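K.L.:
Residues per chain are reported as follows:
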Amino acid sequence: MNFTLSYLLEQTINGITLGGLYALVALGYTMVYGILLMINFAHSELFMAGGYVGLGVLKLLADPAIAKGGLSFLAPMQAFFNSGTAGFVALIAVTFLISAIVVGLMGVFIERFAYRPLRHAPRLAPLISAIGVSIFLQNAALLWISSKQLPYSRADGTSFVPAKTAFTVFGVSVSTMQIMIIVTSLLLLAFLDTFVSKTRIGKAMRATSQDREAAGLMGVNINSVIALAFFIGPALGAVAGVFNGMYYGSVKFNMGFIPGIKSFTAAVIGGIGNLRGAMLGGFLLGIIESLASGFISNAYRDVIAFIVLILVLVFRPGGLLGEAVAEKV
Amino acid sequence: MGMGNVRKYSALIAVLAIVAMVVTGCGSTATTGGTSAGKTVTVTIGIGAPLTDGAVALGKGMVRGTNLAVKQANATKEIKDLGIVLQTVEGDDKGDPTTGGNVATQFVSNPSLVGVMGTLNSGVTRVAVKIYKQGNIVQVSPANTAVDLTQMGNENYFRVCTVDSVQGPFAADYAFKDAGKKAAFVVDDSTVYGVGLADEWAKQFEKDGGKVTGREKTGDKDTDFKALVTKIKSTNPDLVYYGGIYNSGALLSKQVKEGGLAVPVMSGDGSFDPEWIKLAGAEAAEGDMASNVGLPIDLMPKGQDFMAAYTAEFPGEVPAAYDAYSYDAANVIIKAIIVAAKDLGADKVTSTEGKKAIIAAVGKTNFEGVTGKVTFDSKGDTLNKTITVYAVKSGKWVPVSK
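Taken in order, these protein sequences are the chains called A and B. Sequential numbering of the first sequence, starting at 53, is according to the working numbering. Sequential numbering of the second sequence, starting at 11, is according to the working numbering.
Calculated directly from the structure, the hints in this document are not laboratory data. This list has only true hints and no planted wrong ones.
If you anchor each label on the Cβ, the simulated ranges turn out as follows:
no. : chain 1 : residue 1 : chain 2 : residue 2 : range
1   : B       : Phe324    : A       : Val355    : 43 to 49 angstroms
2   : A       : Phe219    : B       : Thr115    : 55 to 61 angstroms
3   : A       : Phe219    : B       : Met162    : 52 to 58 angstroms
4   : B       : Asp315    : A       : Ser135    : 45 to 51 angstroms
5   : B       : Ala85     : A       : Gly108    : 38 to 44 angstroms
6   : A       : Gly223    : B       : Ser388    : 58 to 64 angstroms
7   : B       : Glu293    : A       : Ile313    : 29 to 35 angstroms
Derived pair list, reagent style DSS-like, types lysine-lysine, alpha-carbon separation capped at 25 angstroms:
no. : chain 1 : residue 1 : chain 2 : residue 2
8   : B       : Lys345    : B       : Lys358
9   : B       : Lys403    : A       : Lys200
10  : B       : Lys406    : A       : Lys120
11  : B       : Lys406    : A       : Lys200
12  : B       : Lys389    : B       : Lys143
13  : B       : Lys213    : B       : Lys192
14  : B       : Lys213    : B       : Lys395
15  : B       : Lys227    : B       : Lys213
16  : B       : Lys192    : B       : Lys217
17  : B       : Lys192    : B       : Lys403
18  : B       : Lys231    : A       : Lys200
19  : B       : Lys81     : B       : Lys383
20  : A       : Lys111    : B       : Lys406
21  : B       : Lys217    : B       : Lys395
22  : B       : Lys87     : B       : Lys345
23  : B       : Lys70     : A       : Lys200
24  : B       : Lys412    : B       : Lys217
25  : B       : Lys312    : B       : Lys395
26  : B       : Lys70     : B       : Lys406
27  : B       : Lys312    : B       : Lys87
28  : A       : Lys200    : B       : Lys227
29  : B       : Lys345    : B       : Lys395
30  : A       : Lys216    : B       : Lys243
31  : B       : Lys140    : B       : Lys358
32  : B       : Lys403    : A       : Lys216
33  : B       : Lys81     : B       : Lys312
34  : B       : Lys412    : B       : Lys383
Covered by chain A, per the in silico footprint, the following chain B stretches (three or more residues, Cβ under 8 angstroms):
no. : stretch
35  : 63 to 74
36  : 240 to 254
37  : 264 to 277
What you are looking at is a predicted structure, and each value in this text was computed from that prediction instead of being measured. Heads up, the beta-carbon is just placed ideally off N, CA and C, and yes, glycines get one too.
Based on the provided sequences and hints, a complete structural model is requested.
P.N.:
Structure (structure tokens):
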């Protein structure tokens with residue numbers, strides 16, 4: 053094997069793509085932690101739900117086999133979505149929008165009925181409730197959808213996003229899919245960062261995160277701020293779930309578990325509770341995993357990723373960018 | 011401890027002893043009274059297979075094969091005359107050794123259960139077989155191909171499929187000599203089955219004169235092979251060999267082709283399933299190869315009869331890799347139950363004595379099954395060592411080896 057510059061570059065691009073997915077999921081963990089000091093264990097299942105909702109939407113909008121199977125009124129719409137660049141862009145945009153909204157609402161619903169009643173209970177109670185929700189969602193997908201791994205493609209086996217090379221740089225071909233993931237995740241991260249730091253609602257979120265009771269006394273509607281965090285986090289997780297399905301090619305009811313743990317790790321590396329930290333941690337973890345797999349051994353990728361976690365925690369216990377909610381007196 | 015305490019404790023022990031005597035007493039009267047002539051004895055066969063996680067498509071096929079055999083047996087005069095009603099119970103091991111151990115414990119504690127048809131995964135059997143041995147339960151696997159499973163002194167263990175030391179080299183010979191592949195990158199899924207098969211394959215491929223350009227491990231539930239594909243590509247192989255199961259292997263195949271490497275992926279019996287083509291997509295799967303134990307069903311000695319009965323029982327279902335083997339494995343157990351019932355009487359079949367007789371009878375198995383002649387050597391391995399290599403052509407698995 054010859055380790056050339058182009059090999060290093062290709063592995064780095066693999067890593068950035070993976071890191072973009074981790075960062076999107078990590079934001080959900082870190083937002084909830086920042087505001088409620090609670091780890092939302094059901095977040096990995098919302099990522100999974102995103103994958104399934106996305107597949108459902110894609111099939112309805114662009115799989116001719118569905119239109120033939122009785123839903124013939126979909127056929128003209130499918131003809132549009134399956135034709136040319138405009139149709140493709142519209143298909144992707146509609147898919148992400150619907151998946152993000154549906155899963156975002158699921159997040160709000162879960163917060164309302166599984167976490168809010170326990171807000172003043174001991175810290176462990178909502179944590180256990182979150183594990184319960186996680187198990188419930190996994191089993192719901194297992195029983196109501198399928199125990200099988202489902203291909204992320206049309207019934208005839210063609211992918212919704214064709215595996216095409218977008219451009220070649222230094223002999224490295226970068227695929228359309230990778231560009232889509234990297235650009236979308238960076239845009240969403242930048243948007244969220246601006247949203248939280250510049251807008252009035254963002255300010256309310258930061259205030260709630262610093263001191264929930266004081267923020268409430270100053271007129272911030274705590275319940276809607278928390279509900280908003282539970283909309284945005286899962287919505288971003290859903291985007292990652294759809295990308296995960298498209299990029300790797302399948303969905304399964306327990307697909308959220310490993311990416312969930314990795315993204316949580318990314319949030320911890322960056323400093324849990326800190327939005328920029330989650331993004332940094334996500335990209336860092338993705339790149340480290342990819343390079344470890346490429347230059348050392350695929351069997352050791354997780355070992356090396358978790359060694360990095362341990363090293364970060366030994367030297368910077370609060371994570372790379374520290375904890376945003378450390379000012380409680 | 012004072013005298014008062016001792017008295018209190020001995021009173022408690024006495025009470026417990028009486029309760030225990032009453033309970034066991036009731037139990038034994040029920041057994042002696044319950045099996046008079048004219049009544050039927052229910053005998054259970056356990057099915058240990060992955061049903062919600064792991065190679066689900068293969069696991070569900072195992073259930074269908076077994077249920078078909080049991081349904082047919084229940085309709086025969088021989089079983090009816092003996093006063094036996096056979097039934098099956100499913101145990102979902104998720105392809106995971108720990109869960110498989112729990113399934114085994116559950117099965118052993120089932121009083122009417124005398125034999126187990128399963129498991130799919132060699133790693134699961136390694137744990138489960140010891141538990142079955144303690145319970146005197148015979149285990150007949152349709153699918154375990156790890157070589158050492160019959161070398162561990164478990165006289166209750168048998169399998170109707172041949173092993174990786176036959177399958178791996180056969181597939182390697184085909185890849186090198188018939189398909190003309192000279193340089194292969196070998197990947198396994200870190201399970202007992204995947205590592206064993208990949209090792210056997212690579213050994214023979216190198217012996218034939220082929221070059222192994224690299225060797226890597228993945229996890230059996232992995233879906234992300236992007237970094238691995240970049241690595242594989244840098245070694246310029248003309249074939250990728252995958253030791254593992256279809257659900258990860260098919261995604262590896264898809265990602266290999268998406269990564270710009272136009273070479274086929276070859277795998278073993280765990281990947282020989284239509285799900286491989288569905289998950290990878292017909293376009294990416296085209297040219298991929300998989301070896302499987304035995305002949306294609308339509309070339310099997312009794313394949314036509316089996317398919318007729320199968321499609322009548324499960325309309326719309328297509329047999330996966332092990333349906334026919336599971337059917338034969340279930341029949342091995344059923345025939346042994348009949349032998350034991352004739353020797354000892356139907357009501358003794360589920361006793362320890364009966365279970366031991368069943369193990370002995372399985373060892374003497376000799377009949378023409380769907381997959382060929384079913385007989386075992388002294389260690390419990392089948393004497394039928396046929397392997398077939400299949401390739402994906404126009405979205406279907408087609409046999410390609412002679």
